[in-house]
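As a plain string of letters, each chain reads:
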Amino acid sequence: MATSTPTGSAESAERFSVLGTRPIRPDGVDKVIGRALFGADIKLPGLAYGAVLRSPHAHARILKVDPSRAEAVAGVLAVMTGDDMPTAKSEALELGEEVTDVKFSSERVMARAKAIYKGHPVAAVAAVDLNTAQEALKLIEVEYEPLRPMISLQDAMAADAEIIHDDLVGTHLGEKVPHTNIATHNRTEFGDPDAAFASSATVIERTYTISRAHQGYIEPQAATAVWDQDDRITVWTTSQGSFPIRTNLALVLLKSASSIRVVPTEVGGGFGGKNNIYLEPLAAILSRKCGKPVKMVMERKAVFEATGPGPGGQVTMKMGVDENGVITAAAADIRYGAGAYPGSSIGAATTCILASYKIPNVRIDAYDVVTNMSKTAAYRAPGSPQATFATESLVSELCEQIGMSSIDFHLLNAVEEGDRRADGPVYPRIGLKQVLQTLKDSEHYNSKLEPVGPDGKLRGRGMASGFWAGIGNRSSVNMSVNNDGVVAILEGNADLNGSRVSLGMQAAEALGIAASDVNVSIGDTDSVGFNDITAGSRTTYATGAAIIKAAGLIVDELKARAAALWETDAGSVEFADGAFTNKKAPEQRLTFKEAAAKLERADEAIAVTGTVNMRGSGGGSFAAHLVDVEVDPDTGKASILRYTAVQDAGKAVHPAYVEGQMQGGAAQGVGWALNEEYYTSPDGVMQNSSFLDYRMPTALDLPMIETIIVEVPNSNHPFGVRGIGETGIVPPAPAIANAIHDAIGMRMYQTPMNPGRILQALKDKRNAAS
Amino acid sequence: MTQSEAPQPDAMKQVPRVHVQCTLNGQATEFLVAPYQSLLETLRDVVGITGTKEGCNDGNCGACTVSLDGRIVDSCLVLGAEADDRTIDTIEGLAPPGGLHVLQQAFLEEAALQCGICTPGLLVAAKGLLDQEPHPDEQMIRQWLAGNLCRCTGYDKVVRAVQKAAEMQAR
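Order-wise, the sequence lines are chains A and B.
In terms of the working numbering, the first sequence is numbered consecutively and its last residue is 770.
In terms of the working numbering, the second sequence is numbered consecutively and its last residue is 171.
If we strip away everything but chain B, and leave its shape as in the complex, we get (with noise of 0.2 angstroms):
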């Protein structure tokens, strides 16, 4: 049976890509996407960078977390295609260039990670608490953080790092 000639169940015929135009990590990009790819997907596999992380794609633990027009989500409940004329940062925007930003430094003095696969998105999440309120508190960020599940640290150490970062963006 030739390639032609082979049963295509439905899903299998290819669908039109959909193009995408967005600013990631304040970089113009395009890219094309199939519909019913997630950006998460989208982002490791489409654009190829593999900081954001795949934990349980639906929407439960919060490796995936990225900032979307300003706003924290998790990356695998939304489309690649929403992310049209959208502005996406991921952990790999978070360093300014040849440095890193207050939340890594502070997570690497604090020992705030440990297997480091929900680091990424501990830290997207982080910043965008601290882009709210500057000055949190013990509970605002371990309710802020509560999307994020980690098993390596018990938390503990990841809070003194947000709370340090504070203190070291106050400065």
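Chain A with its partners taken away, still in its complex shape (with noise of 0.2 angstroms):
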């Protein structure tokens, strides 16, 4: 099944001339032939090789950490403990998609008096070469008292809880309360849920268990750090945000932020994993010890226990409907385990709960839970896939229920412009109807699907909606134009996906030349202005934006030039369709190539800067997914027949780069709902932390991924572009878990819906009906 192109508005088509092309992306080159260098790829001479030495206890008192032997070996050049990094002191940190605080991080990659995560660095080690550095490890011994660890959400929360942090004074509702794991408890309300749900015709309360899920990058964290005789730090590193990371960096090791250089390298996927710091600290302190370079590659297994996944948590959503189907009321409770330090992405998951809907009275309450296991990090559309699992089944039983077709439900209590987003923000233009219309009237909604298939398995349809906000903020690129025409960009956002050339693109559309005439690069934290991370579905959006700008810049010192080369003022130079004509002499005109040759003198260089805070995002993005799944009775294994994503992209710049973020989160999204999960032992070790264990989807997992993009134009972009890369990760697992009941009959209220859940809910039917 071929993908469809953008279901725009005539003319959205007719305005255009580069944004709906599909070239090919500059950097692409580099990326098949192998010569892109991601972090793992930095070599500098002179080179030291680190490795960390990590707690094996989830929950334990550190009493004692003696490196010497392994300082004396022949070939370490420098060890640190914890003793090494500089004392911090609280303060929050915000990193975009994750909120932190500085105590936090600088104990999180590298523990003081407390190991609270198996995996918590409580050592490093630089040598002449890995081997040694990783040999050397064993050397230095440590004396740990093990404390009971709180792995599960109610051992967390519990009256008599081993409480993880001392000092953390949780905020429940606004009050200070000292001595326990729950870091926070919001509460977000409108009108009165309670009465409403009384009066209700149809009332239906669920909860729901999702899984920790890793967003499974394939390249590990890796950094390269120089610490120099002049006091300052440069770093390569594979992060999603050089600015944050020095920010971060910075505070950590308490030094100014301008005397650190952040150098992004190539990216091997992040999906907000990538957006804190944890090996760069230590190979810059590592490297001030020994006066080398120094290199650290974390491996798979590290990555797994001591990088920071999505969080799982519990859900309990409760729905009611008048008799017409009309939501009268709804309210959700939120529990996340955030890991070993607060800041779970509960705020997030309160915005997308119920995103979808009217609701006109609702209430939603949200935990952040400190747990003995890695912190948290923003996993795609953070906080949003685990919600949305709940309100998607739920709508999907509470339909069943009433009698009504889901996609109908949809359709009659979506949001609108104008409609309060049920925690509290008024949605500017948005494009959910457009969305579910979309998927109501495709070939995948339309099509005949057999209950049992022909070898006997039983197949079901299920669809699910989703939502993701996303994020503007700020943005600063450096344009100029060189005598050719060519435009050079300087950026500072990470390229993870190909936005170089939705980018590129952008300022080609605004320019009135060809996308093959913009070269984009991406600088360090020396060369740019702010950037906020490459997150957030912002990328695209905000520093597109800032490009835009810099384009009308460029165009207005173009004019002046012209003017005074056509002896006029620069009021009479218009710029349409890629040519500046003098409005009193229109025989008088530059194509932009025949402008920039002119008109480039050799004092002064065409050069701009283009700065924006987009701030939000401008409504975000709605998705639609619907997939037919195949049940094997005899193995409980689930597949995936048919799936079919649409998605609201605003205006699709480069279609191929959206299909593609449509299909990764899809894929992601199906990983999550059919098999990926954190197997952890009581006493907090992860059982499973490798690829062959924790089990991401394959090629042979996956039927080709049909992809619908529909467009209704983001009012906050001059061209009406939207965020999209996170909101497919959402739908996918409730439209699974709801297509996984119309094959087989029985409700899924946790994932993975793996084969032995399956196995078990066939094995619950049958119990019944006995």
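These are calculated hints, taken from the structure and not from any lab test.
As the structure is a prediction and not an experimental result, all values here were calculated from the model.
Idealized CB from N, CA, C, for every residue including glycine.
Treat the hints with caution; some may be incorrect.
[As the list claims (entries may be wrong)] Derived coverage of chain A by chain B (criterion: at least 3 residues anywhere in the stretch with Cβ under 8 angstroms from a Cβ of chain B; other residues may be distant):
| id | segment |
| --- | --- |
| 1 | 491-505 |
| 2 | 701-709 |
[To be verified] To give an idea of the chain A side of the interface with chain B (calculated C-beta under 7 angstroms), a few residues:
| id | residue |
| --- | --- |
| 3 | Ile24 |
| 4 | Pro26 |
| 5 | Val32 |
| 6 | Arg187 |
| 7 | Glu189 |
| 8 | Gly216 |
| 9 | Tyr217 |
| 10 | Glu219 |
| 11 | Ala656 |
| 12 | Gln663 |
| 13 | Gly664 |
| 14 | Ala667 |
| 15 | Ser690 |
| 16 | Leu692 |
| 17 | Arg695 |
Could you fit the two chains together into a complex? Lean on the hints.
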């Protein structure tokens, strides 16, 4: 099944000459020939290699760390422990899609008095080669006093829980509460949900458990640091945000941000998991101690155990409707396991959980709970997939009870411009209804699915909607024009997925030139102004807006020079369709290329900066997915037969990369739905910390993923572009749960819906029938 | 304590390096490796070519795929010493001088890469497939590439790119 062209308005198709086309990304050749440099590919002269010693205990007091035997080994250049970390004070640290605290950040990367997650670094070594470093770790003597680990939400929230942070003061409904593992309890409320439930025709309440899941980027974290004799630090790191990394490092190492230069390498997948620091401060301190550049690469096991996955948790959803199926009220209870430090995505979960629906009476309680596992991080639409699993599964069950189709229920209750989002803000122009209608009109939706396949497998179909608000925030780019009309852009956003081409295309559109006449490079933190993270679905949207702004300044500059050339005033010079004309003498005309050649003066470059703070995203991006599954009743295995993803892109800059985001998000959602979880022992040790047992989808686990792009322009972007990268991971798990129910007649209240759980559901069904 | 007096666990003692002579991307190549170094580490850190990537180092992701005597292998599961007298082809040897292999061209045209970390492994594996079966169907492509994990694309455009490359090669 071919992917279809974006279903935008005809006016939109006419309006753009570059947006909507599919040029080959200019950085692609380096990536297909193996020349592109990712974090672990960085090599510097005199390089030393670092390795990390990690706690085997999920919760333990560290009584003694003695590195002396390791220090004495030939080839070991430096050893560090918690004693080498500067003492950081408590201070909030905003990382775009993750909020943390400086003191916590400092303790997380290197333990002090306590190890509070399995894999917590307790020491690190730099040596002449990696093997020497790894062998030297074995000679570091550490004495632990194990403590009772808090792994489950129930244990961590219990009255007699072992308190993980003695100095953590929780904020529970605005009150300060000491001596707790519940870092935050927030409540959002509008209207009177309890009264509305009491008078509703149908009310349904269910509780769902969602697994902790890792972003699963194929490239492990890698950092190379030089702390030189000028007391300046340079770090090459595979991170999603060089500027927030710089801020984070500065606060943790007690240095000014300007004394640190962060150089982004190519990034082999991030999905939110590479916004935060892990190895960078350790590599920097080891470099200072030994006087050499130090390179550190995380082992895959450590990536699973000691970096930040998306939180697992429990979500209880209650919804009431009137006799026509119109929602009267909803109440949600969201509890996420934050891991060892506070800051799971309960805020975004609150934003997204009921975002698709008009809800006059609503209450959302959200709990951020500390546990003895690694601190969670942002994972693609952080907080939304877990919460939406509950909502969309419940809606399906509710629809079954009241005898309404899921798509019609969605359309009946869908939010539009002017409606209040469940958590408060009023929506600007959004595309949910168009997305839902497009799904309802799709070939997949209107195709027949037999309930039993030719080999006796049970088939079913399910749908779900999903939302991600996205962020806007700050971007700053430098733009200059060469005398052959080729425009050079220096931007500050690490390119995770091909954003360079979509950014170049927006410049080309604004300047009336070809996409191939724009070169986009990515600078370090010394070369451009502050840029927020490459995350939050903000890059194509916000950095694109900065580029469009810079292009406008370039046009203004060239207009002024053309006016001088034509001996008229700048107001008489017009720029349209890629050419400058003198309104007073229209035969005087220069294309952009001609203008660049003629108007470039030897003593003054054509160069500007475009800087924006887009603040919000302009409404966000809605999606609706439809999936056909097939369940083998003997093994419990669920396979995906057919998958359609519909999403509002505002204006798809490069449709192939919009499709790629939709497909990639769907694939991650499928993995989370069917197999992905942290299989953890009671003492807090992950049992499946490898790609073998942390089972992500392979090429055999997925069919072609059909994509339909809807375009309802974003009123907050000059070209109508919406950030779209994250929403795709939100609908798959509930769509699959609903499809499994359609196939086997049993509801699944837990992810992953792996063969064991499906077999259990089939068994429960047989027992209930007998 | 001087260096010579420093404690030396057995693993730290300088082990004799193994001398390897092989054909790498069509060139006679020789190097010294420690017996414990994998072919992956050998290519990246001893020979110095970094196109082959490490994703897991335990044979479960395929990012380190290379061709060994015409057979695709995870280079993290092969010892550098095993390369002696063998033929190794990596991503760096896929393109003809000054050009691109049809697979590389197809991957670019079909937008079959996003972050690109799995791309070298996928390309080497896909070449292995087309060398064996010039006209694979979708199921065969998926089966052959099941050992190469990609987290970005969902594999849709990757499969389309391999199909396109097969067509381009047939012309």
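query: Of the hints stated earlier, which fail here?
result: Violated: hints 4, 6, 7, 17.
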